[in-house]
Amino acid sequence: MNRYWLHAASGELSLARDNGKNIEKESEPQIILLNMEEFQQLEGNYPHRKNLISSMRFIRYSKVEAFHECVQGIIHVPKQGSKKEKEFSFGFYLFENKLFLIEEDEELQEILAKVKNDMFDGCTLHMVLLFICNALIDNDILYLQKIEENLEKVEDVVIKRIPEHFNEVIMRYRKQLSESRAYYEQLMNMGDFMQMYMNRESLVEEEQGWERYMNRVERLHNYVETIREYLQQIREMYQTQIDIHQNRIMSILTIVTTLFLPLTLITGWYGMNFPGMPEFQWKYGYLAVIGVSVLLIIIEIVYFKKKRIWISSKDVM
Amino acid sequence: MNRYWLHAASGELSLARDNGKNIEKESEPQIILLNMEEFQQLEGNYPHRKNLISSMRFIRYSKVEAFHECVQGIIHVPKQGSKKEKEFSFGFYLFENKLFLIEEDEELQEILAKVKNDMFDGCTLHMVLLFICNALIDNDILYLQKIEENLEKVEDVVIKRIPEHFNEVIMRYRKQLSESRAYYEQLMNMGDFMQMYMNRESLVEEEQGWERYMNRVERLHNYVETIREYLQQIREMYQTQIDIHQNRIMSILTIVTTLFLPLTLITGWYGMNFPGMPEFQWKYGYLAVIGVSVLLIIIEIVYFKKKRIWISSKDVM
Amino acid sequence: MNRYWLHAASGELSLARDNGKNIEKESEPQIILLNMEEFQQLEGNYPHRKNLISSMRFIRYSKVEAFHECVQGIIHVPKQGSKKEKEFSFGFYLFENKLFLIEEDEELQEILAKVKNDMFDGCTLHMVLLFICNALIDNDILYLQKIEENLEKVEDVVIKRIPEHFNEVIMRYRKQLSESRAYYEQLMNMGDFMQMYMNRESLVEEEQGWERYMNRVERLHNYVETIREYLQQIREMYQTQIDIHQNRIMSILTIVTTLFLPLTLITGWYGMNFPGMPEFQWKYGYLAVIGVSVLLIIIEIVYFKKKRIWISSKDVM
Amino acid sequence: MNRYWLHAASGELSLARDNGKNIEKESEPQIILLNMEEFQQLEGNYPHRKNLISSMRFIRYSKVEAFHECVQGIIHVPKQGSKKEKEFSFGFYLFENKLFLIEEDEELQEILAKVKNDMFDGCTLHMVLLFICNALIDNDILYLQKIEENLEKVEDVVIKRIPEHFNEVIMRYRKQLSESRAYYEQLMNMGDFMQMYMNRESLVEEEQGWERYMNRVERLHNYVETIREYLQQIREMYQTQIDIHQNRIMSILTIVTTLFLPLTLITGWYGMNFPGMPEFQWKYGYLAVIGVSVLLIIIEIVYFKKKRIWISSKDVM
Amino acid sequence: MNRYWLHAASGELSLARDNGKNIEKESEPQIILLNMEEFQQLEGNYPHRKNLISSMRFIRYSKVEAFHECVQGIIHVPKQGSKKEKEFSFGFYLFENKLFLIEEDEELQEILAKVKNDMFDGCTLHMVLLFICNALIDNDILYLQKIEENLEKVEDVVIKRIPEHFNEVIMRYRKQLSESRAYYEQLMNMGDFMQMYMNRESLVEEEQGWERYMNRVERLHNYVETIREYLQQIREMYQTQIDIHQNRIMSILTIVTTLFLPLTLITGWYGMNFPGMPEFQWKYGYLAVIGVSVLLIIIEIVYFKKKRIWISSKDVM
Ligand SMILES: [Mg+2]
Ligand SMILES: [Mg+2]
Ligand SMILES: [Mg+2]
Ligand SMILES: [Mg+2]
Ligand SMILES: [Mg+2]
Ligand SMILES: [Mg+2]
Ligand SMILES: [Mg+2]
Ligand SMILES: [Mg+2]
Ligand SMILES: [Mg+2]
Ligand SMILES: [Mg+2]
Ligand SMILES: [Mg+2]
Ligand SMILES: [Mg+2]
Ligand SMILES: [Mg+2]
Ligand SMILES: [Mg+2]
Ligand SMILES: [Mg+2]
Ligand SMILES: [Mg+2]
Ligand SMILES: [Mg+2]
Ligand SMILES: [Mg+2]
Ligand SMILES: [Mg+2]
Ligand SMILES: [Mg+2]
Ligand SMILES: [Mg+2]
Ligand SMILES: [Mg+2]
Ligand SMILES: [Mg+2]
Ligand SMILES: [Mg+2]
Ligand SMILES: [Mg+2]
Ligand SMILES: [Mg+2]
Ligand SMILES: [Mg+2]
Ligand SMILES: [Mg+2]
Ligand SMILES: [Mg+2]
Ligand SMILES: [Mg+2]
Ligand SMILES: [Mg+2]
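Residue numbers (my numbering), protein chains in the order written: chain F, 1466 to 1782; chain Z, 1466 to 1782; chain D, 1466 to 1782; chain A, 1466 to 1782; chain V, 1466 to 1782.
This is chain F alone, in the form it adopts within the complex (with noise of 0.2 angstroms):
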């Protein structure tokens, strides 16, 4: 357990490793890291902890519930490929002037760490706690970003041939899409209900410290949305791409079956075995047969030609 006291007058953090003896004596605004169980074992009396516990428990989504004495919430940040390694989540605790932040990955300490730089004087628990989500999402624009990037590189590999394995990489960017977009969608009902909060508190500095975060947390949505869209036009154009490749394929399969059928036919014609066909008699029979050969082939070329069978690259747009 890490204790830190928030000095209002400086706006400044320092850390007091005392293993949490003396939290409910203190007057100072504190800030208290600990994990589940310190959380659990904690002395005196902290209103509604049960129901964060219980929440802890099984986390899946970001969230916040005000209570008439404190405030408390969960946030669940996924992994992100570029900077994150993996998904952490932790709980946080607003009660009186002590801010608990509950966890078992040990992420947070990193990011106090940045959010101290943020601090001025008469910084309060409410704006620590609006700084620690702003540093969450600090780097997801340049993460998004990424995604579009590689999005272009599919892009451009769909747009030149039809590529193996398209389907699970189209999967797991769908997921990964979802993902995010589910997690800002939760971050902006979080920053909603706490810009309503500080309203109804009259924190006026608050209020608009949580509007800019939503529409912070808003832009990143939209950009998600604009990049689930460009995902899904690849996938159209995908599916159009294997339209139009079997589309070839069959114009070959029907010329080549329309060319050589009937040439098998006049071949098959003059292997039957009937006594006295006229057409052995005849002098130029087999000369006639390379010359109907000839002729049938022209002409469904012509044909083919005229009614556009073949999907030609002269058709350029």
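Where hints are given, some of them may not hold.
Which copy is meant is left open, so a pair is good if it fits within one copy or across any two.
[Said to hold, decoys possible] Taking lysine-lysine and the PhoX-like style, the derived pairs with C-alpha atoms no more than 20 angstroms apart in a straight line are: (1) K1618 with K1640; (2) K1611 with K1640; (3) K1581 with K1515; (4) K1515 with K1563; (5) K1640 with K1625; (6) K1772 with K1625.
Since the hints were derived computationally from the structure, they do not count as laboratory data.
With chain F held as given, fit chains Z, D, A and V with the ligands onto it using these hints.
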């Protein structure tokens, strides 16, 4: 019929088996569990009772209706794979200091036992109703989690091969998820209504409780939507798999046909019975036919490779 | 023309067949059933009567319009398979203490009889209009239930085979459901408007009544949407069934072609009339051809199995 | 330029052909019909006149803009098959007691004549503008009805066979409906704005009028959406028809190929020129080949029936 | 760095090239054009300047943020085919009586020149910002018009034949339109925010101006949506064209195969070398084979016509 006393002071429920004879006379809050018939034959003046009875004749959705004197409604819980074996429904009728719970399926006894633990001093009947609603969705997240995991297995199958009976399986999930979605939509409407109602009656604590309930249900609803989207993505992947498979099959057909028809024509040609065909005279006639055939095959293979007729498994993404 | 008295004290309707001569003079609330012609020729000053008449010339949707002095509107009930044999419509015109019901189809008599049972002491004309609206949708849930059950039968057929005339059947349902949806949307708009109007006129009881009506219609509307989604799912399943069927057919074609074309080439080859083909000299030539043919077939079958050309019915999900 | 006087007392319009010389001096409400050039050269101080003129240079949509002193806007009526032969547009400029109507197409004269009938005592210029807007959509319902009927004919064709030029026809309707939808959306925005404006200016009667206008336009808009959905359903039916047709064709191809290729192999086999083939020695060789061929055909037909390769017309739904 | 004086009295901008030395001391409203570096090194206390600078490091969208003391934002104008050759962006920072415009691309000089014409007496800096925003979208309608016309040409091509490189062309338009849509959505959000802000600051004139701006942007946004829908319709038409083309090809293949395979079987049959085939003995054997072949062809053609295998070009809609 089971009658429970709600001791306002201690927030405890105690069972009073007197077959409902003295319901009217009590001034303490009571919870009365009974079936349709008992509710119909209940003595005393219960306004709009007829309305609830006629609604319960044919239950299709959850709803709540407020009248001037009473609040009444129906909750219809769909069958959910994991925990419940069958769907069930019950009506509730909140009038003065009495909460009637009307059901045929005897599922509520168990739920009331669970609810008992949540009760506290000064707990009102409105609170009890909220606790019951909360108890009903307590394990739903696990159930949805289960569905999602099953769908992941389906995805793994589809990515490898085109399974039989895919349509039946997908259809079953779709129905299940449609049902869940409708269920949560109705609960959200209910929660919304109750929140409004509590606000109008100036029951602040109850209003906050219903708001938290609403948010819980909305998160479940959003989870259902996410799973539905996932299911849709699996379906689209399956479609694409079929299209690719078809493409492969047609490629084989086209290649085989294009390879063999010309050769067959050649053999047919020299199977003709025209007398005096010059090729037969020629010494190297047979060798020439062999040579032409081999040449033809080579040309065709080169052409197919160049035109990418076959979706090569080397075109990895 | 049928004129009804609404006795405010007892909440009863009594018929007064005097051909509408004394309408003007009465001070009691009245409900007057009449047809378009009678309404047009009605003596007395009825504001905006012309507007209603011109609206009724060409009825396509249900609507309600409020003027300063009167409320008027049209209800257009679409044909619904189970109960009603044909669509019908009527106009209403609520002015001072008179409710005019204008129709050509003589359907309202029956509905008014049903409505009589709901009436109570102090029942107003606004209430009667609400009761009529409620009576109109009383059995709709059963009708929608019927459609859903029929669609379940369609699904069962589609899951087993590709039925003829699927398109016609689906198109019929789609139209029916589109019509129902539009109908409920219009009723919701109407209910919404009436609720607002009652609120403005400070008729609390009526407002609550119209709110409940709105919610009832919305539930029906949502039910229609659920059925529409179900229909859509059946359609998509049908599409997939066709795709799978096509895939099967093409597999057969490809397998058959790939099996027989090479063999046919072999037989064609040895059907050529070249003199002195060495194979014919060889003693085991014929046996060798048989052997090669059998070998070819075995290789192809192994290849097809490995490449999963055929969607095996053992690949159960 | 045509100048009309609006006599407030009688609610009548009278024409005053004086070429707009005395516009400025009048104190009575006036409606002035003129073209762009005349409007530009109008003497007097008309605020934000430049804004309207520049908007009218390039008209693409209907809009209304309110400034501190004046209300101005543009209405762009798309070509609608039945009644109008071409699209037309006009601007309006409402300033003090003057309503300028600016157009090049001379369509408004006729509309003003229609509007005259609706005018009443104390009719304001705002009312006249509303009446003009109402007159513009008066026959639209009939026009949309016409489109719907035409689409029903298209549906009847598609259900029977796959028509040529379907794409062109559908594309034409789609464009038409997109245009209509955009038109009504813009009118709804306009109506909404005017309603707000009237509310702000405390013109209750006008506000109610614009509200009714809004509702009328919304119903038309919803009708367009219904037709668009119907069009979409026809398109999807057409798609399915093509898929089924393709399925049929492929079934024929597969059946024919599967029936004939084995037989052709047999005949090819016994067309080989191997000396001493034992079958030729056998007395019943030829009969056996006939027998085997017939047997093969029977087996194949049974197989096809069992596997439902052919979509039987007996599988009626 | 270019510094402009805004003379409040005359509403005129005059350039003051003093390299920003006296910015601080002025009491007149000023517009200062400068680049990122200059803005960073600006002396004086500019609250939240760091926030804008860090936002401008990586510009992806247009946004505006209000702090207690200042309004700041970024506008990112995408490349638009017709007029602009490249995308550009700039930041703005409105603090006290100074409007800083920060950009690297030197595009604003030109825009400011345009804006000068719109300025009037008593024009505020807020107004100037609005005028700049308006100037940025002044020609967008022509640009969108251009895209629509190009798509009409694409449609004309697609309706006649299946063009090559359709996918690439469509993808390019899709991206362009997605970008435009996102751009206008961001501008709408900005306009919305500014309107709210002006309302809070009680700047009525400015609020109305931003409202008109919002409506202009919304119309452009709706136009983009209409074009997107049109693009979608062209894509769907292309899909259908491919399906129809495939259908045609398969019809040809099926007809050719069905015509020739039976005849080929017959010729194969009589190419068998069985000794003593009775048909060869029969005098009219050869004639009979000719007759049967012709009959077969006739029967098949009749069958194809009846079953509408071929999509006849006489089946005009
Ligand atoms: Mg969004
Ligand atoms: Mg958006
Ligand atoms: Mg978007
Ligand atoms: Mg998607
Ligand atoms: Mg599509
Ligand atoms: Mg496809
Ligand atoms: Mg939701
Ligand atoms: Mg959502
Ligand atoms: Mg949702
Ligand atoms: Mg979601
Ligand atoms: Mg779905
Ligand atoms: Mg799709
Ligand atoms: Mg498909
Ligand atoms: Mg709903
Ligand atoms: Mg709905
Ligand atoms: Mg639904
Ligand atoms: Mg649909
Ligand atoms: Mg589909
Ligand atoms: Mg399909
Ligand atoms: Mg609609
Ligand atoms: Mg709509
Ligand atoms: Mg609507
Ligand atoms: Mg729809
Ligand atoms: Mg559409
Ligand atoms: Mg299709
Ligand atoms: Mg819009
Ligand atoms: Mg639109
Ligand atoms: Mg839109
Ligand atoms: Mg799109
Ligand atoms: Mg489609
Ligand atoms: Mg397709």
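Here is what the structure says about each hint:
no., hint, in the structure
1, K1618 with K1640, "both (19 angstroms within a copy, 15 angstroms between copies)"
2, K1611 with K1640, "both (16 angstroms within a copy, 17 angstroms between copies)"
3, K1581 with K1515, "between (30 angstroms within a copy, 16 angstroms between copies)"
4, K1515 with K1563, "within (17 angstroms within a copy, 30 angstroms between copies)"
5, K1640 with K1625, "between (25 angstroms within a copy, 18 angstroms between copies)"
6, K1772 with K1625, "between (27 angstroms within a copy, 12 angstroms between copies)"
Taken one by one, the earlier hints all hold for this structure without exception.
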